[in-house]
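Chemist: Each chain is listed here by its residues.
There are 2 protein chains.
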Amino acid sequence: MNYKNFPMVPRVVFGRGSFNQLSELISPKRLNINAPFIFLVDDVFKGNAWLTSRIPLAYDDKVIYISTKDEPKTSQVDSLVEEIILTSRQGTSGIIGIGGGTLLDLAKAVAIMLTNEGEAKDYQGWDLVKNPSVYHVGIPTLSGTGAEVSRTCVLTGPEKKLGINSDFTPFDQVILDPELTKDVPKNQWFYTGMDCYIHCIESLTGTYLNAFSQSYGDMALQLCKQVFLEDNLSDMDSQDKLMMASWHGGMSIAYSQVGVAHAISYGLSYLLGTKHGIGNCIVFDHLEEFYPEGVALFKEMKNKHDIYLPKGICAHLDDSEFDIMINISLSLEPLWENALGKGWKKIMTREKLKQLYKKM
Amino acid sequence: MNYKNFPMVPRVVFGRGSFNQLSELISPKRLNINAPFIFLVDDVFKGNAWLTSRIPLAYDDKVIYISTKDEPKTSQVDSLVEEIILTSRQGTSGIIGIGGGTLLDLAKAVAIMLTNEGEAKDYQGWDLVKNPSVYHVGIPTLSGTGAEVSRTCVLTGPEKKLGINSDFTPFDQVILDPELTKDVPKNQWFYTGMDCYIHCIESLTGTYLNAFSQSYGDMALQLCKQVFLEDNLSDMDSQDKLMMASWHGGMSIAYSQVGVAHAISYGLSYLLGTKHGIGNCIVFDHLEEFYPEGVALFKEMKNKHDIYLPKGICAHLDDSEFDIMINISLSLEPLWENALGKGWKKIMTREKLKQLYKKM
Numbered sequence: 083m084n085y086k087n088f089p090m091v092p093r094v095v096f097g098r099g100s101f102n103q104l105s106e107l108i109s110p111k112r113l114n115i116n117a118p119f120i121f122l123v124d125d126v127f128k129g130n131a132w133l134t135s136r137i138p139l140a141y142d143d144k145v146i147y148i149s150t151k152d153e154p155k156t157s158q159v160d161s162l163v164e165e166i167i168l169t170s171r172q173g174t175s176g177i178i179g180i181g182g183g184t185l186l187d188l189a190k191a192v193a194i195m196l197t198n199e200g201e202a203k204d205y206q207g208w209d210l211v212k213n214p215s216v217y218h219v220g221i222p223t224l225s226g227t228g229a230e231v232s233r234t235c236v237l238t239g240p241e242k243k244l245g246i247n248s249d250f251t252p253f254d255q256v257i258l259d260p261e262l263t264k265d266v267p268k269n270q271w272f273y274t275g276m277d278c279y280i281h282c283i284e285s286l287t288g289t290y291l292n293a294f295s296q297s298y299g300d301m302a303l304q305l306c307k308q309v310f311l312e313d314n315l316s317d318m319d320s321q322d323k324l325m326m327a328s329w330h331g332g333m334s335i336a337y338s339q340v341g342v343a344h345a346i347s348y349g350l351s352y353l354l355g356t357k358h359g360i361g362n363c364i365v366f367d368h369l370e371e372f373y374p375e376g377v378a379l380f381k382e383m384k385n386k387h388d389i390y391l392p393k394g395i396c397a398h399l400d401d402s403e404f405d406i407m408i409n410i411s412l413s414l415e416p417l418w419e420n421a422l423g424k425g426w427k428k429i430m431t432r433e434k435l436k437q438l439y440k441k442m
Numbered sequence: 083m084n085y086k087n088f089p090m091v092p093r094v095v096f097g098r099g100s101f102n103q104l105s106e107l108i109s110p111k112r113l114n115i116n117a118p119f120i121f122l123v124d125d126v127f128k129g130n131a132w133l134t135s136r137i138p139l140a141y142d143d144k145v146i147y148i149s150t151k152d153e154p155k156t157s158q159v160d161s162l163v164e165e166i167i168l169t170s171r172q173g174t175s176g177i178i179g180i181g182g183g184t185l186l187d188l189a190k191a192v193a194i195m196l197t198n199e200g201e202a203k204d205y206q207g208w209d210l211v212k213n214p215s216v217y218h219v220g221i222p223t224l225s226g227t228g229a230e231v232s233r234t235c236v237l238t239g240p241e242k243k244l245g246i247n248s249d250f251t252p253f254d255q256v257i258l259d260p261e262l263t264k265d266v267p268k269n270q271w272f273y274t275g276m277d278c279y280i281h282c283i284e285s286l287t288g289t290y291l292n293a294f295s296q297s298y299g300d301m302a303l304q305l306c307k308q309v310f311l312e313d314n315l316s317d318m319d320s321q322d323k324l325m326m327a328s329w330h331g332g333m334s335i336a337y338s339q340v341g342v343a344h345a346i347s348y349g350l351s352y353l354l355g356t357k358h359g360i361g362n363c364i365v366f367d368h369l370e371e372f373y374p375e376g377v378a379l380f381k382e383m384k385n386k387h388d389i390y391l392p393k394g395i396c397a398h399l400d401d402s403e404f405d406i407m408i409n410i411s412l413s414l415e416p417l418w419e420n421a422l423g424k425g426w427k428k429i430m431t432r433e434k435l436k437q438l439y440k441k442m
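These protein sequence lines map, in sequence, to chains E and F.
So the first sequence is numbered by the working numbering: it starts at 83 and just counts up by one.
So the second sequence is numbered by the working numbering: it starts at 83 and just counts up by one.
Rather than coming from a laboratory, the hints here were simulated on the basis of the structure.
There's no promise every hint is true.
Identical chains share a label here; the pair holds if one copy fits it or two copies do between them.
To be verified - Once the Cα atoms are required to be at most 20 Å apart in a straight line, the calculated DMTMM-like pairs of lysine to aspartate or glutamate come out as: (1) K212 - E106; (2) K86 - E106; (3) K86 - E261; (4) K242 - D265; (5) K434 - D405; (6) K440 - D400; (7) K203 - E164.
Build out the structure end to end from the sequences listed, making use of the hints.
Modeler: Spelled out as structure tokens, the structure:
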């Protein structure tokens, strides 16, 4: 037995308003005045002075606004890296990602690709990154994905949707300021929060579980229940707790693995471009067989918050399209093995998976 | 408001038997063949081949066995540093602490003092360390202190019992192998476990509490209850869970603070040399006024495990001795402020504290 030597985020600030400390946190990391900090920011904040006026720009520092209409792509990472290299000839002092999982994963991927040759797609997989990445900071403005704490950044490439999993992926610094999540639209809040909830269920019922992951998963699950099922939290408490749930849920899967919902939803994302949060919800809603208690509670939360999920998104697909999704999904062997054990191939056949997709 | 930028342990391995991975983990950190790794090991393991045969010695590496009869002292750190410098003229590749809180705190302090001038006592306090420490690894063989995850190492100096609190204090690598705790004597298991329990109560009821610390504290408290109050855990599960409780309890206080029990027990340790774990228990047993629910549960756990605490340890002290303890205790302002709020001086007078000590 060889256990993973898990890389933790080495620095974390938590607190409402801690975003104001960004300048003091990154200034000592400036390489020189010609090496800018690049801020990758969710374009939902464009024109939102409450946030943007507090981004500490100096010298050649630059904000790049990014749409999160689509899931992050390897080609998008490559373009960003090219743009950044062209405009910062004396190096880059750091990449600061401000946004949800898409922005955080893009920031991690760009930081890696600034110091590693080739294209982002070459590094999708496990431990393929050779050189340490550029200093990078994660500032979540949405809670649930766990991207702020994980050692992966999930990208859709030409051939697969798969993360760059490496010891150089985690952020060097994370700022957890729950106030940044105050204006998230309700549906988005729910979908992304459920990403955390599903992480917990997949981790806690998985065969890879150990006491380390269990303690983080239990904690995150309890926080999710408080946020999504109880009525006694103030808005601020709810934001604080969901941000911690995301953090602990991320730690839980980081030392174990996700499961059936993620494996299936990756297929949807790859073929249909379904966003990760809603995709997980659509899939999880049909997984009673694998997670009976978890799915029952999910339906309770969905009803409580009047969330209606799209139906029939696979209704018009042909066999070759189902095959594409099935291939993507079944290639994620660690996820299936965690969920169903070493004999998973006998349980999750191509036909069974197709029937599941057809329900969605 | 300025929030702490908390340094987390950047690498952690968790798992039964993970101690076997020590060689592979530290080998890449060897500076050169003349710069040894120094293993500081609790002398309870002397002659215990099950553990010592797995310490990976190469070149000039050296094991130093250390008695934990006394609490760690600044003078002891200075002697160890002198000994190590004399025998490793081309530098030290790393310090590996194997043991309970005493050994872990000594390892952290020695790693700091190998690269910082002067004596250990000069650095007791907050953020006085100037240079990064030598690479250091923590391997707990007892669960509860949280020393494996904290940014302090508590030492008794000529003038005070106080930690070296700094960003250079935390370990670079921690190995959490619950199997290493299998032979801890019952009393020691209880006292050290209660250190964790008391951390949780002090953190969760303190005025410094935030959602970050609360989530870690809640989790650690639940694990403590499972280990010390329920009867349905196997020995292995119990060891695994208590090791995680220690870790999370340490995280909880790291981002908040301890409270009354620690503040009072530091006085006992300073004057009487009372060990930290048992000292906390002796004190906490008399703190119903401050922690009514926490103390009630503590008494329940104490009874369940037939633990008898020493009584009358202050019975023969004179006024000048009480004054020494009171001075040490009241100097720990952040602990009192966390426990009792900004007006703590009106609540905890010298006379009141003396009456508390007299009960012990």
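Chemist: All hints, please: hold or fail.
Modeler: Do the hints match the structure? See the list:
| no. | hint | result |
| --- | --- | --- |
| 1 | K212 - E106 | between (30 Å within a copy, 19 Å between copies) |
| 2 | K86 - E106 | between (33 Å within a copy, 12 Å between copies) |
| 3 | K86 - E261 | between (34 Å within a copy, 17 Å between copies) |
| 4 | K242 - D265 | neither (33 Å within a copy, 49 Å between copies) |
| 5 | K434 - D405 | within (12 Å within a copy, 76 Å between copies) |
| 6 | K440 - D400 | within (10 Å within a copy, 82 Å between copies) |
| 7 | K203 - E164 | within (15 Å within a copy, 52 Å between copies) |
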